[in-house]
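Taking our numbering, the leading residue of the sequence shown gets 114, the next gets one more, and so forth.
No lab work stands behind these hints, which were simulated from the structure alone. Built from N, CA and C at the ideal position, the CB exists for glycine as well. One or more hints might be untrue.
[Stated by the list, open to error] Mimicking DSBU-like on lysine-lysine, the simulated pairs with C-alpha atoms at most 30 Å apart in a straight line are: (1) Lys531 to Lys440; (2) Lys531 to Lys479; (3) Lys522 to Lys153; (4) Lys356 to Lys317; (5) Lys474 to Lys423; (6) Lys522 to Lys395; (7) Lys153 to Lys173; (8) Lys522 to Lys474; (9) Lys440 to Lys489; (10) Lys424 to Lys489; (11) Lys356 to Lys395; (12) Lys356 to Lys440; (13) Lys489 to Lys471; (14) Lys529 to Lys479; (15) Lys231 to Lys313; (16) Lys222 to Lys246; (17) Lys471 to Lys440; (18) Lys471 to Lys395; (19) Lys543 to Lys471; (20) Lys356 to Lys222; (21) Lys313 to Lys414; (22) Lys395 to Lys423; (23) Lys424 to Lys440; (24) Lys226 to Lys153; (25) Lys534 to Lys173; (26) Lys479 to Lys423; (27) Lys414 to Lys440; (28) Lys479 to Lys546.
[Stated by the list, open to error] Ranges between beta-carbon positions, derived for each pair: (29) Thr492 to Ala412: 30 to 36 Å; (30) Ser196 to Asp363: 45 to 51 Å; (31) Lys522 to Asn432: 27 to 33 Å; (32) His256 to Lys222: 31 to 37 Å; (33) Ser537 to Asp336: 39 to 45 Å; (34) Ser507 to Ser206: 26 to 32 Å; (35) Leu442 to His282: 55 to 61 Å; (36) Ile335 to Lys424: 30 to 36 Å; (37) Asn224 to Glu309: 40 to 46 Å; (38) Pro544 to Pro493: 31 to 37 Å; (39) Arg482 to Leu441: 37 to 43 Å; (40) Ile335 to Asn172: 46 to 52 Å.
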Amino acid sequence: MRPFQYVYWMLVWLFFGSCTWGQMSGVSRLNPTDSLLLVKYRNEVIRSQVSAEDSLMTNKEIEANWGNSRLDQGEMKYAPDGSFKISTFVFESCGAYCNSEWYSWIHFKVNGKERVKKADFYTVDTIYQLPEKRYLVVGSHGHRPAGVLTVQCVTPQLISFLGDSLTVHPIEYKTQKTGKRSFACCQENGVDIEQEPYVKYDAKTERLRYQYANNYAYSHNIDVDTIRQGQFVYSRGYFILEKETIQVLDRRSQLTQTHQWTENYKIRSSDTTNIHIGLINKRQLVYDCIGCASSYAMAIKVFILLKGGKKELLTLPTNGAYLEDIKLLNIRGNHFIYIVTNETSGNSDGYLYYLNPKALKAYPVKVQRSKAALPKGCTPWGSYAYLTINSDVSDISTHTQFINTSNSKRGGVTTKYKLLKISSNQFVLKPSKRTVFEDE
């Protein structure tokens, strides 16, 4: 094939191949029309976030005022037979923690003409074509109803089209206790199971299988897991619950397991909730994580083990942020406890305590704030790192992201600190260097 012929056929393939609706829902290639649609809908979402008196603001100005909120670029997913397509956008708003809103539009054909309607879809993962001219749209979303609880959901929606109408059919989930209700597959993050929650459709057997788990420690103060597995059968245009098994795991009678360590110290049977940190003067430091899970915690308590029991050194309320790390540091011959917590929004907090090994007391290290935390005309955006100490303790710093409202550019401020001793038990972190940068 000659070079100009190769280029010609490549252009033909790119144009006609990308303009076909009949792609699987995971295809990300967009034709120019669909790319413009995403831009149009994204602009609509941006404009919906302002009041009438702010309607003269540009889109860049609106986004610059969002602070820690952000809007994604949107996705377009296609039905397998090309009969419709769904565009979705996620608007995430972050304060102490993050939650999201979903915006969606569906395009479908009626007598060869395209119809457009606003819809209620989450992030679309898969679209299945079913008999009786129906479709199963499986999406996913998550939310945080409380500072110590996040929820992950997989959402199946059964839809069909009649004329220019979109119909969402209920997937009835009938149990003895609840009666009929719409099926929802939502799992709290406090549940510890090997497999993530799922909803899967098997076209050969026409079965919709699912698994999800719930924990009732936060909602009912009962540390019990229920793990549900089951399946629906598709019959005459509807899903009918065929079977479900429920496994109950009562954690109230289980002991909290400890981490492993190499020192020749043994945790007593009555101290099974203690987790090893390290040794100081041949005494063992441990911590308790209160309300602790992989992505949240309520408080951290640090103790030192003595012959007569244990002595509390400090209590750190985490306000829902989860524990990342606890370690002992030796800085110029002084002992410190360094605790790192993270939030699901990406924010990180660091806490430093001086440990007096003779008095067996811990004292918080104060962090002096820079007078100009952010440049003039800038607002916070994205994540921050309250206090970061690297592995060899050669760098102690904080980091904050911002948006410059004058030019809508994003940047950050990094502040380095020096550790100073001001009294026998009091240390302070004093700013020594401040670096400001903006994205190109």
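The hints, checked one at a time:
The suggested pairing of Lys531 with Lys440 holds, with an alpha-carbon distance near 19 Å, which does not exceed 30 Å. Pair hint Lys531 plus Lys479 holds up; C-alpha atoms about 12 Å apart against a cutoff of 30 Å. With a CA separation close to 23 Å, the supplied pair Lys522 and Lys153 stays within the 30 Å bound. Between Lys356 and Lys317 the CA atoms are separated by roughly 18 Å; this keeps the pair inside 30 Å, and the hint holds.
Distance check on the hinted pair: Lys474 and Lys423 sit about 13 Å apart at the alpha-carbon level, within 30 Å; holds. Restraint check: the Cα-Cα separation between Lys522 and Lys395 comes to about 53 Å, which exceeds 30 Å; the hinted pair is violated. Restraint check: the Cα-Cα separation between Lys153 and Lys173 comes to about 15 Å, which is no more than 30 Å; the hinted pair holds. With a C-alpha separation of about 46 Å, the suggested pair Lys522 and Lys474 falls outside the 30 Å cut-off, and the hint is violated.
At roughly 37 Å between alpha-carbon atoms, Lys440 and Lys489 are farther apart than 30 Å, so this suggested pair is violated. Distance restraint check for Lys424 and Lys489: the Cα-Cα separation of roughly 47 Å exceeds the 30 Å cut-off, and the hinted pair is therefore not satisfied. Between the alpha carbons of Lys356 and Lys395 the distance comes to roughly 58 Å, so the proposed pair goes past 30 Å and is violated. Pair hint Lys356 plus Lys440 does not hold up; C-alpha atoms about 49 Å apart against a cutoff of 30 Å.
The straight-line distance between the Cα atoms of Lys489 and Lys471 is roughly 47 Å, outside the 30 Å bound, and the hint therefore fails. A hinted pair counts as satisfied when its Cα atoms are at most 30 Å apart, and Lys529 with Lys479 qualifies at roughly 14 Å. For the given pair, Lys231 sits about 26 Å from Lys313 by alpha-carbon distance, which is consistent with the 30 Å threshold. Taken as a hint, the Lys222 and Lys246 pair is honoured in the structure, with Cα atoms around 13 Å apart against an allowance of 30 Å.
About 19 Å separates the Cα atoms of Lys471 and Lys440, which keeps this hinted pair within 30 Å; it holds. The suggested pairing of Lys471 with Lys395 holds, with an alpha-carbon distance near 12 Å, which does not exceed 30 Å. Of the supplied pair hints, the one linking Lys543 and Lys471 holds, its CA atoms being roughly 26 Å apart against a limit of 30 Å. Simply put, Lys356 and Lys222 have alpha-carbon atoms about 37 Å apart, too far for the 30 Å limit, and the pair is violated.
In summary, the hint linking Lys313 to Lys414 is not supported, as the alpha carbons are separated by about 42 Å, beyond the 30 Å threshold. The hinted pair formed by Lys395 and Lys423 meets the criterion: a straight-line CA distance of about 14 Å does not exceed 30 Å. At roughly 18 Å between alpha-carbon atoms, Lys424 and Lys440 fall within 30 Å of each other, so this suggested pair holds. Our distance criterion of 30 Å between C-alpha atoms is met by Lys226 and Lys153, whose separation comes to about 20 Å.
For the given pair, Lys534 sits about 46 Å from Lys173 by alpha-carbon distance, which is inconsistent with the 30 Å threshold. Distance hint between Lys479 and Lys423 is fulfilled; the C-alpha atoms sit about 26 Å from each other, no more than 30 Å. Taking the CA atoms of Lys414 and Lys440, the gap is about 13 Å. The hint holds against a cut of 30 Å. Taking the CA atoms of Lys479 and Lys546, the gap is about 17 Å. The hint holds against a cut of 30 Å.
For the pair Thr492 and Ala412, the beta carbons lie near 31 Å from each other, so the given range of 30 to 36 Å is met. For Ser196 and Asp363, the Cβ-Cβ distance of about 48 Å falls inside the hinted range of 45 to 51 Å, so the restraint holds. The supplied range of 27 to 33 Å is met by Lys522 and Asn432, whose beta-carbon atoms lie about 31 Å from each other. Between His256 and Lys222, the C-beta spacing of about 34 Å keeps the proposed range 31 to 37 Å intact.
Under the hint 39 to 45 Å, the C-beta atoms of Ser537 and Asp336, about 43 Å apart, fit the expected range. Checked against the hint of 26 to 32 Å, the C-beta distance between Ser507 and Ser206 comes to roughly 37 Å, which is inconsistent with it. The given range of 55 to 61 Å is respected by Leu442 and His282, whose C-beta atoms sit roughly 59 Å from each other. Separated by about 32 Å at the C-beta atoms, Ile335 and Lys424 satisfy the suggested range of 30 to 36 Å.
For Asn224 and Glu309, the Cβ-Cβ distance of about 42 Å falls inside the hinted range of 40 to 46 Å, so the restraint holds. At roughly 18 Å, the beta carbons of Pro544 and Pro493 sit outside the given window of 31 to 37 Å. Under the hint 37 to 43 Å, the C-beta atoms of Arg482 and Leu441, about 26 Å apart, miss the expected range. Under the hint 46 to 52 Å, the C-beta atoms of Ile335 and Asn172, about 48 Å apart, fit the expected range.
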